[in-house]
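Asks: Here's the letter readout for the chains.
2 protein chains.
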Amino acid sequence: MAVRYANRMNSLKASEIREILKVTEKPEVISFAGGLPAPELFPVEEMREVASLVLAESGRQALQYATTEGFGPLRQKLADRMNRKLQTNVTADDILITSGSQQGLDFTGKVFLDEGDIVLCESPSYLGAINAFKAYGPKFVEVPTDDEGLISSELKEILEKVQPKCIYVIPDFQNPTGRSWTLKRRQEFMEIINHYEIPVIEDNPYGELNFEGEILPSLKSMDTKGLVIFLGTFSKIFCPGYRIGWVAASQEILEKYIMIKQSADLHTSSISQREIDKYLELYDIDENIAKIKEVYRKRRDLMLAEMEKEFPDNVKFTYPKGGLFTWVELPAHVDAREVLLKCVENNVAFVPGGSFYPNGGNENTFRLNYSNMQEDKIVEGIQRLGKILREVLQPLPQ
Amino acid sequence: MAVRYANRMNSLKASEIREILKVTEKPEVISFAGGLPAPELFPVEEMREVASLVLAESGRQALQYATTEGFGPLRQKLADRMNRKLQTNVTADDILITSGSQQGLDFTGKVFLDEGDIVLCESPSYLGAINAFKAYGPKFVEVPTDDEGLISSELKEILEKVQPKCIYVIPDFQNPTGRSWTLKRRQEFMEIINHYEIPVIEDNPYGELNFEGEILPSLKSMDTKGLVIFLGTFSKIFCPGYRIGWVAASQEILEKYIMIKQSADLHTSSISQREIDKYLELYDIDENIAKIKEVYRKRRDLMLAEMEKEFPDNVKFTYPKGGLFTWVELPAHVDAREVLLKCVENNVAFVPGGSFYPNGGNENTFRLNYSNMQEDKIVEGIQRLGKILREVLQPLPQ
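First to last, the sequence lines map onto chains A and B.
Per full-length UniProt numbering, the first sequence runs over residues 1 to 398.
Per full-length UniProt numbering, the second sequence runs over residues 1 to 398.
These are computed hints drawn from the structure, not numbers from a lab.
Hints should not be assumed to be uniformly reliable.
Repeated chains share a single entry, so a pair holds when one copy, or any two copies, can fit it.
Claimed, not checked - Here are the simulated lysine-lysine pairs, DSS-like style, with alpha carbons at most 27 angstroms apart:
1. K13 - K134
2. K22 - K77
3. K13 - K225
4. K139 - K225
5. K77 - K26
6. K85 - K298
7. K309 - K293
Since we're looking at a predicted model, the values are computed, not measured.
All chains, full assembly: derive it from the sequences and hints.
Replies: Shown next as structure tokens:
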């Protein structure tokens, strides 16, 4: 058979890391690899009640086709909540419900990117976004980052040389680094963006999971020109199983996303939307978020304390103030993929950092997740990992 | 602001018809426009029980991230059911769960089509498929059809001239025409396809809704070379609200779809998948399908009898043996869009046929749906429509 695929299929390869990480599904493996929330915090009983209510009150509508834009009352609640929590000024009409915020990323590629177009992103950036954009054949230009976020002077320099279609950023508790942008960096960023009029995709899955300090203003709240496309999701503040995310953008841009949504999957599950809407009506999601933050904060504290103790001195890592991840940098000559192979033999796992750089390199980095492992497993896992790192980095004299 | 979109956004225009049809949401309008199933047949009470059980038995897993391929037990049940009902020979590994079969259509475009590639489809064809493919910039070549299905000699002639990347067909109770392919046409089609080795997308949302006679063998059941990509869905045999569809294809092809799914939305709602799986375990979906067929058959009979009585003689229409639609052909000079405007004034609606032809033309056609209206409304609606058609086609002498 000589089936001919689209050219894009050549650039999308099944990830070797995914193959390695398949072993992490074994129960004896302590995995810091996934970006999974803690399932013991999911509001299972509440959702049983909610599911029953939604079907009793509006079963026929909930099981029928629905509008592409999403369930009206849920869009209204999301707009109100964003305005309250993130200091934005959006209406229900500015919101499109998506099947997880991953779908918002895919649509972004589809709306903006032709083959050869330039897309900017932080260096490193979320690998799911990189893969979503890759399907549309763009060139990636990586903007350097530091502990304060995306480096404004570097962005300026890049924008003097190239004309990107859009820029993708995660200002709060970034995936993979766990870092947040300072207020100053946010302000500088919006000034530059407004000057060059570049659409910004602000991906904000973790922003409400701040363990200390205030939530900083979202880029969307500073958006005076309708340039910021905000991606939100329930996956980390509630649970991922319903696959409910949203896009908030200016009317002109949102219309394009709605058109794409129509041909991509007609609409997101009407029953899932109504169930989440009912949950928001009956329960206080902020109480749920407070519980999540409490648990994750403890896990972060424990993981970082253990890393301090167990990791060799020439291993650097970030101190996230929220979110799900810390980011580790090994000495430049060490390949984290090789470390992972040793780790998997010892039933502990992480994600090597190379895949978070769309243009490659930086193989001496990796990402650790602390949200999905119980405390005793975190201690045990970091001890195993520390032992391996010490062996790799400080070999015993022969 | 000078935001620059991808070129594909130029070819995707918000449909004027969609705008006109927005008025059909008013309760006084009798709409034969949508392709909606009858909500009074949805198993609402059963799903209340199922939802509660799934959350009680496996709440944490149901609300967590899940694998891209889909929920294992559901994939197994789908493979078994396809083999039993459609005479195929597939395994759970050949199945990918999608967010409705619309997503399978979008992925088909993404997997196969580069700009300028040729895709073949029936003339006319499902407008949702046409729009999904359009986003990838192909050229459409329409293969003529008649009451027996896609015309084999026409397909042969086309394949001597062009090299399509794939061919999209709906052999059972087609949307929009309601026609089914004869067994002979299916056999001839597969011979031609096997000779030229063209991937076939067999879209089969209505195949099980046969009102009389046996279900004919699916193309997938005749597929000896792994060329047929089968798209299935629960939308018409159960309910659309969960957005659960599936792709069944050979391993080589399915791998491509899985890669695309990963970056498009990670996976389909895990809780929706588990709920449908549980329903299939506890209930006999075939009993539900039998009920649906009984109701739709009556509605079809009534609509067609009314059309015979009310429509002028120079209006032709199909006699579907199953599915949701009948297809109407007006004299060549009459524009169905103009008829629709008059209809909307009189609170009755349909979808003009032009949009079902990717290369345009055939504005003298329209599609009628009979599944979504109660019997008294069908009579009343066809009477209104008949009156307008008589006015348009047989104007009174001045």
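Asks: Could you tell me which of the hints above the structure violates, numbers in ascending order?
Replies: none
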